[in-house]
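Using the sequences provided together with the hints, build the complete structure.
Residue numbers (UniProt numbering), protein chains in the order written: chain A, 1 to 142; chain B, 1 to 211.
Do not rely on the hints blindly, as some may be mistaken.
Claimed, not checked - Only pairs whose alpha carbons sit at most 16 Å apart, straight line, appear in this in silico EDC-like list of lysine to aspartate or glutamate:
hint: 1; chain 1: B; residue 1: Lys125; chain 2: A; residue 2: Glu98
hint: 2; chain 1: B; residue 1: Lys130; chain 2: A; residue 2: Glu30
hint: 3; chain 1: B; residue 1: Lys130; chain 2: A; residue 2: Glu98
hint: 4; chain 1: A; residue 1: Lys59; chain 2: B; residue 2: Asp134
hint: 5; chain 1: B; residue 1: Lys130; chain 2: A; residue 2: Glu55
hint: 6; chain 1: B; residue 1: Lys96; chain 2: A; residue 2: Glu55
What the hints assert, rightly or not - A short list of chain B residues far from chain A (calculated; beta carbon distances all over 12 Å):
hint: 7; residue: Tyr48
hint: 8; residue: Met90
hint: 9; residue: Asn103
hint: 10; residue: Pro121
hint: 11; residue: Asn135
hint: 12; residue: Leu156
hint: 13; residue: Glu161
hint: 14; residue: Glu195
Everything labelled a hint here was simulated from the structure, so no lab data went into it. In this text, a Cβ means the ideal position worked out from N, Cα and C, and glycines have one as well.
What follows is the residue order along each chain.
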Amino acid sequence: MRLFHIFIILGITIFSLAYLASCHSNLNIETAQYAVNGQKLYTTNCQNCHGAKGEGLGKLYPPLTDAAFFKDNRAKLSCMVKNGMQGEIIIHGQVFNEKMPANPQLSELDIAYILTYITTNFTQSDSIYSHQEVKEALKNCN
Amino acid sequence: MIRTFFCTAACALTFVACQPTAKKLPIIGEREVVQKEIEGKMVADTIYPTIPKFEFLNQDSVMLSDKFFDNKIYVANFFFTHCPSICPTMQRNLLKAYEKYKNDNRIAFLSHSIDFKYDQPHVLKSYASKLGVDNEQWQFVTGTKAAIYGLSDKYLVYTKEDASVPGGYDHSGYLVLIDHDKRIRGAYDGTNSEEVEKLLADIDILLQEYK
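See the structure below:
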């Protein structure tokens, strides 16, 4: 009977570890948690325009798959999401010039979740946007 | 028990067997039965609601009327270019249908703007081309509030100017399928991918009526 219990416990442990490892082999647990929370927020606040896979729509809504754009604008992304944006931008070499509405309903932490989700899922980034980083970034919006 | 089983199986078989020929789309809306005199005899005639005549300015600043859709089936909806909520999803889905039937002149598409203040023809033109629409098969139109909102009722689509909702206009995201007689043959939630799949299937069924 004892032995049986040990087997079960061992089994569960191995299974959970394997599960975690297979899910996000390159993400640490905190980043993965941020991304999971971000996915829900993305679905309700962003997906209609930017698409389920971040593919965008024609030349109306830009894709969220341009890793270089994210990297170059890392400090500005929080402001873009919070306050919306307009004017010409270039995504994957394609010009976009439309208007994105502001998202006053999103908290700093929400934005950290969403940015972590889009950068890790739609591009190959593995870095987290921490609550602290978003807070700092939002102080410097213009 | 066994008998029930056989019965059910038989019924299911008949049903499946009959499907291909029997499949026809319903006609939607309150029907009215009127008495009509034909060659001196009174006969009952069923009248279905139809989309009335209309005339709107399109994305090329040209008057577009219901005549454009004569001898075609078409899919209609109501949207506005700066809609932050359901429209992008609805238009992304309608674009799938447009691309599937592109250059097939048996079918057309018609998007009415409910933002009669902002969506002037040149705004609609820019929107259409950025969406990826580059021929006249998909028309984008604007008109007076009374005309557009009045017509949306006929399509059984809810529209309302409402400052309390994001974007300033409230409306439902239905894609409405219209036949050659301007009757409604289906209404599909344009934000729901399963219903959009059904629209694509139903378009093919409706086209069969006009072979």
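Each hint, compared with the structure:
1. For the given pair, Lys125/B sits about 14 Å from Glu98/A by alpha-carbon distance, which is consistent with the 16 Å threshold.
2. Between the alpha carbons of Lys130/B and Glu30/A the distance comes to roughly 39 Å, so the proposed pair goes past 16 Å and is violated.
3. Under the criterion of a C-alpha separation no larger than 16 Å, the hint pairing Lys130/B with Glu98/A is consistent with the structure, at around 10 Å.
4. A C-alpha spacing of about 13 Å is found between Lys59/A and Asp134/B, which places the hinted pair at or below 16 Å, so the restraint holds.
5. At roughly 15 Å between alpha-carbon atoms, Lys130/B and Glu55/A fall within 16 Å of each other, so this suggested pair holds.
6. Only pairs whose Cα atoms come within 16 Å are accepted, and Lys96/B paired with Glu55/A is accepted, the gap being roughly 14 Å.
7. Non-interface status of Tyr48/B relative to chain A is upheld: no Cβ of that chain comes within 12 Å, the nearest being about 34 Å off.
8. Non-interface call for Met90/B relative to chain A: violated, since the shortest CB-CB distance, roughly 9 Å, does not exceed 12 Å.
9. No beta-carbon of chain A comes within 12 Å of the beta-carbon of Asn103/B; the shortest separation is about 18 Å.
10. Every beta carbon of chain A lies more than 12 Å from that of Pro121/B, the smallest distance being close to 17 Å; the non-interface claim holds.
11. The beta carbon of Asn135/B sits about 15 Å from the closest Cβ of chain A, which is more than 12 Å, so the claim that it is off the interface holds.
12. Against chain A, the non-interface label of Leu156/B holds: every CB pair exceeds 12 Å, the least being about 23 Å.
13. Listed as outside the interface, Glu161/B is consistent with that label: its C-beta sits roughly 18 Å from the nearest C-beta of chain A, beyond the 12 Å cut-off.
14. No beta-carbon of chain A comes within 12 Å of the beta-carbon of Glu195/B; the shortest separation is about 16 Å.
Hint check: violations occur at hints 2, 8; the rest are consistent with the structure.
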